[in-house]
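J.: For the record, the sequence lines run as chains X and D. Start counting the first sequence at 1; every next residue gets the next number (our numbering). Start counting the second sequence at 265; every next residue gets the next number (our numbering).
No lab work stands behind these hints: they were computed from the structure. We treat Cβ as the ideally placed atom computed from N, Cα and C, and that holds for glycine. Please note that the accuracy of each hint is not assured.
To be verified - Partner residues aside, some chain X positions facing chain D, computed with beta carbon under 10 Å:
id: 1; residue: P15
id: 2; residue: D78
id: 3; residue: L91
id: 4; residue: I106
id: 5; residue: W177
id: 6; residue: A222
id: 7; residue: V237
id: 8; residue: Q255
id: 9; residue: K260
There are 2 protein chains.
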Amino acid sequence: VSHAQLPHLSLFALPSIPEIHPGDDLGAIIAEQLRREGIELQDGDVIVVTQKIVSKAEGRLVELGAISPSPQAIALADRTGKDSRLVEVILRESRGVVRERPGLIITETHHGWICANAGVDRSNIADPDAEVVLTLPLDPDASARRIRDRLCKIIAAGGAPAPDIAVIITDSHGRAWRRAAVNLAIGVAGMQPIVDLRGQADRFGRTLQVTTVARADELAAAAGLLSGQAAEGLPVVIIRGADWPHGEGRATDIQRPIEKDMFR
Amino acid sequence: VSHAQLPHLSLFALPSIPEIHPGDDLGAIIAEQLRREGIELQDGDVIVVTQKIVSKAEGRLVELGAISPSPQAIALADRTGKDSRLVEVILRESRGVVRERPGLIITETHHGWICANAGVDRSNIADPDAEVVLTLPLDPDASARRIRDRLCKIIAAGGAPAPDIAVIITDSHGRAWRRAAVNLAIGVAGMQPIVDLRGQADRFGRTLQVTTVARADELAAAAGLLSGQAAEGLPVVIIRGADWPHGEGRATDIQRPIEKDMFR
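Turn these sequences into a full structure, and let the hints steer you where they fit.
T.: This is the structure we're talking about:
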């Protein structure tokens, strides 16, 4: 390519990830797809995985038919016009409700993410007639770590040194103030999610004003450009050439502590 | 590269954008850098430009020495511990203050963006001793349109057909609920900033739950991976191979109308 000598980075998606079922070994599936495509992971690669296939692999499907809604769920369902069994699942996944209005419930999940419906989703479930919903992974940082460890182990078993990679689990969330969703990080492994520039100077020697950057969220959003939201969704994207802080951080480090959050 | 046959996209930065001064013709400067690097723009390329060089080219520098703070600015400066002249500039750039606390002022700018200090910035000003601040472009959508028109005109003057490109102006903003800043779109040209998936089905035929995606923000965040915040900032990034909705949208289309915004 003509720009190989410029500062650059690239993203590519694995096109043949199969439909994922409970118990599937995502790390092994990704390793197999990389092998099939002739791709060797390199130091600095980031493997970005959508929450949906992680939740499916971890069996985070809930049959609505088996749910008995609580009085609180029935009342909230009445006020918002939602299925009371779905609302019960949302409440079970949440620390509390942040906002409600007809058609919309925003909660804080047990992990601390603030998003619509506690991230509970009905789309991309194999049987469209089944009354099944998909909940977020219980611990997306642990999910990312498992995928990373598995990938590194498989590479090491092949005799190659394990590369220094990161894994990010993403979900698509709405935002305050801005319409439409963006892909964000809800789990990371092998990286710090935030770049800390405090104390660094700008090109003219003045201390930088914006001192922390949510690099994991920028990587997640970039992957969203390829993974998309549409029918042909590509759940695994590799980002090569990006600069990110290596280390053992957690996506929950991105969460703004409630006492410092002016927008709840 | 080994992944050229996979779904992929690439980003590259123009490394030699000179220091920008008021009155500089950014479209011509970018065209000249592209020529120097031997890069021909292609249909679908997105040119992502940081707000800082746009504001500099548009002369959006304010000398604090020339500012007489109003009583309102002096009072807000007292409460937040900020320079009252800076606060005066922030208030002049804003429709209103959304939140304040010691060390922090969040306003709604005249464009409708909600961000710290109305986007007014002291870093990356050439003279670190000068008491000069940089304000956002007056109309970032118009700024993007001017750069796009100029680029297309220069390409057409060279005899080539003008490619179908988009231009995005970005700024780095904090978020509700999540720590650290991400790069976001504050101006666009040649594209719709939001992808509307309403009515589309997922891979199993169920209507998609997340129905709109802020594609311009995902593109801006991706460019942030290269442009960075640090000393060697790269203010112009080209994204090649991304899918985005062509058309004549405005970044202000991303703004959630105040009556639908539950987080102010």
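J.: Evaluate each hint against the coordinates.
T.: Checked hints:
With 10 Å as the threshold, the beta carbon of P15/X comes within range of chain D, its nearest partner Cβ sitting at about 6 Å, so the hint holds. A cut of 10 Å between beta carbons decides the hint on D78/X: the least distance to chain D is about 19 Å, and the hint is violated. Of the supplied interface hints, the one on L91/X is violated, with its beta-carbon coming no nearer than about 18 Å to a beta-carbon of chain D, more than 10 Å. Hint status for I106/X relative to chain D: holds, with the closest Cβ pair at about 7 Å, below 10 Å.
Look at W177/X: its Cβ gets to within about 5 Å of chain D, closer than 10 Å, so that hint holds up. Among the interface hints, the one on A222/X holds; its C-beta lies about 4 Å from the nearest C-beta in chain D, closer than the 10 Å criterion. The closest approach between the C-beta of V237/X and any C-beta of chain D is roughly 9 Å, which is under the 10 Å cut-off, so the hint is satisfied. Of the supplied interface hints, the one on Q255/X holds, with its beta-carbon coming within about 7 Å of a beta-carbon of chain D, less than 10 Å.
The restraint placing K260/X at the interface with chain D holds, with a minimum CB-CB distance near 8 Å, inside the 10 Å limit.
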